[in-house]
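Engineer: Sequence order for the protein chains is A and B. So in the UniProt record's numbering the end of the first sequence lands on 233, straight run, no missing numbers. So in the UniProt record's numbering the end of the second sequence lands on 222, straight run, no missing numbers.
Calculated from the structure, these hints are not laboratory results. Built from N, CA and C at the ideal position, the CB exists for glycine as well. Worth double-checking, as some hints may not be accurate.
[What the hints assert, rightly or not] Distance ranges between label pairs, derived from CB positions: (1) A:Asp227 x B:Pro111: 51 to 57 Å; (2) B:Glu199 x A:Glu28: 55 to 61 Å; (3) B:His217 x A:Asp227: 30 to 36 Å; (4) A:Ile219 x B:Glu178: 24 to 30 Å; (5) A:Pro78 x B:Glu120: 51 to 57 Å; (6) B:Asp149 x A:Pro48: 51 to 57 Å.
[Claimed, not checked] 25 Å max Cα-Cα, derived BS3-like pairs, lysine-lysine: (7) B:Lys108 x A:Lys106; (8) A:Lys35 x A:Lys223; (9) A:Lys106 x B:Lys118; (10) B:Lys118 x A:Lys143; (11) A:Lys223 x A:Lys204.
[As the list claims (entries may be wrong)] To be clear about the criterion: a stretch of chain A counts as covered by chain B if any three or more of its residues have a C-beta under 8 Å from a C-beta of chain B, and this derived list gives those stretches: (12) 64 to 74; (13) 176 to 183.
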Amino acid sequence: MADVKLIGSALSPYVLRAMIALSLKKLEYELMQEKFGEKSELLLKSNPIYKKIPVLIHHDRPICESAVIVEYIDEVWPKSGWGAILPADAYHRSLHRFWTFYIDDKWFPSLVALGKAETEEAKAEAVERVRAGLLLLDEAFVKLSEGKAFFGGDRVAYLDVMFGCFANWIKAAEMLVSVELLDEATMPALHGWAVRFREHEAVKEVMPDSGKVLEFFKILQAKWKKDAADAKN
Amino acid sequence: MANAKEVRLYGMTRSGYCLMVHHALRLKGVPYDYVEEDLKNKSQELLRLNPVHKKVPVLVVDGRPVAESLVILQYIDELWGSLAPRLLPEDPHRRAKVRFWADFVYQKVVPLTYVIPKAEGDSKAAAVAEFRAQLVVMEGGVREELWVDGAGPFINGDAPGLLDLLAGSCHTGIKFLEGVAGVQLLDKEETPLLCSVMEALLQLDVVKETTDFLQQHVHNDR
């Protein structure tokens, strides 16, 4: 259905959230591929405030911000495909949303900081922060999964999507700095979850492999380095 | 109808984030206990209930804690969905717009409230101008995407919803900041809709009740 369009690129983990949600719902949509470094007319028109991807366009009306988009998809198509994304229980919904805030506010920025770290010391510090966050998420996983496969229990749910979008970013970061971040020894539960999430039928279809993510991460690193140098001049 | 739940709110009198939660609970008529936290000397309870951020507000319902103000407001709306007012609209598109603009406040407006008190001279003026500009953006966006003429006085309709409560807390925070920093941040001519929403909220009994209730907990130390 050309009724649903998504502006973005799978290389953005935030866009990937929307793609995984659409894939879980088995919805057809048109991907309006954005090129890195350029912003299309459509993007600027659809998201004038942030000028960022993803933007979902449904019935010609744009929806911006990945968390807003995923909840919207779940509410408009509650029973499609694999079914509900937000957990049925209000308390679990609040925990999934809480951890999503944490990931966006604290954890992913720590992964970006790792990418930006220039000295060995800065890298080591950044690695510790990323791992500390992963340990918290590992603990949360144990509580929320109740011994089952996903944050949503038997089914992939909201937090699986909102965190799982970073599964290959974690791998790419590990390759980038040659350090294990999500290691099986200290975080077996979360490690197992990441393996299962990547293998899920709806996720496999859309998630770029870690090699591609690593390539993109390196392009971002170069851009960050240039921006930092420009800022100094 | 759900059985009566044990509800306890951990907060701080001057926190706008906490104020919204008081308002939401009182609007729905949900009875709750309140624990005032001294943020310079946080209780063991708070640290146990919100170990990740160690911040208020935390809402505990039947022993289970929820943190993050926007998460708490949605939780309240979902737990007490049968109690008016509904804080979020029924229509998914409108819900998405409410969520977007709530997030906008946290992304674009709130950070400046930390910059302004510490800034001086030109950078202060720039921060103030930026703050007012962002409110104008929000005014325009809300007017275009959510406001229905004649359906007010609130963005949510005749009763306040999530964005209205957020606007109310912003008003409290803004007035405090204006006093502390000696600047003007709100202007009825720049943002008439947001100002009228804030005014309508201030008139509500539950808002006045909350103000009176919190008076008992106000600390005298700065």
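Engineer: Would you mind marking each hint as holding or not holding in the structure?
Structural biologist: A quick look at each hint next to the structure:
1. A:Asp227 x B:Pro111: 51 to 57 Å: violated, 20 Å
2. B:Glu199 x A:Glu28: 55 to 61 Å: violated, 47 Å
3. B:His217 x A:Asp227: 30 to 36 Å: Violated: the Cβ-Cβ distance is about 46 Å, outside 30 to 36 Å.
4. A:Ile219 x B:Glu178: 24 to 30 Å: violated, 44 Å
5. A:Pro78 x B:Glu120: 51 to 57 Å: holds, 52 Å
6. B:Asp149 x A:Pro48: 51 to 57 Å: Since the Cβ atoms of aspartate 149 of chain B and proline 48 of chain A sit about 23 Å apart, the hinted range of 51 to 57 Å is violated.
7. B:Lys108 x A:Lys106: holds, 17 Å
8. A:Lys35 x A:Lys223: holds, 15 Å
9. A:Lys106 x B:Lys118: Status holds; Cα separation ~23 Å.
10. B:Lys118 x A:Lys143: Violated: lysine 118 of chain B and lysine 143 of chain A sit about 41 Å apart, past 25 Å.
11. A:Lys223 x A:Lys204: violated, 29 Å
12. 64 to 74: holds (count 7)
13. 176 to 183: violated (count 0)
Hints 1, 2, 3, 4, 6, 10, 11, 13, counting from the list given before, are not met by this structure.
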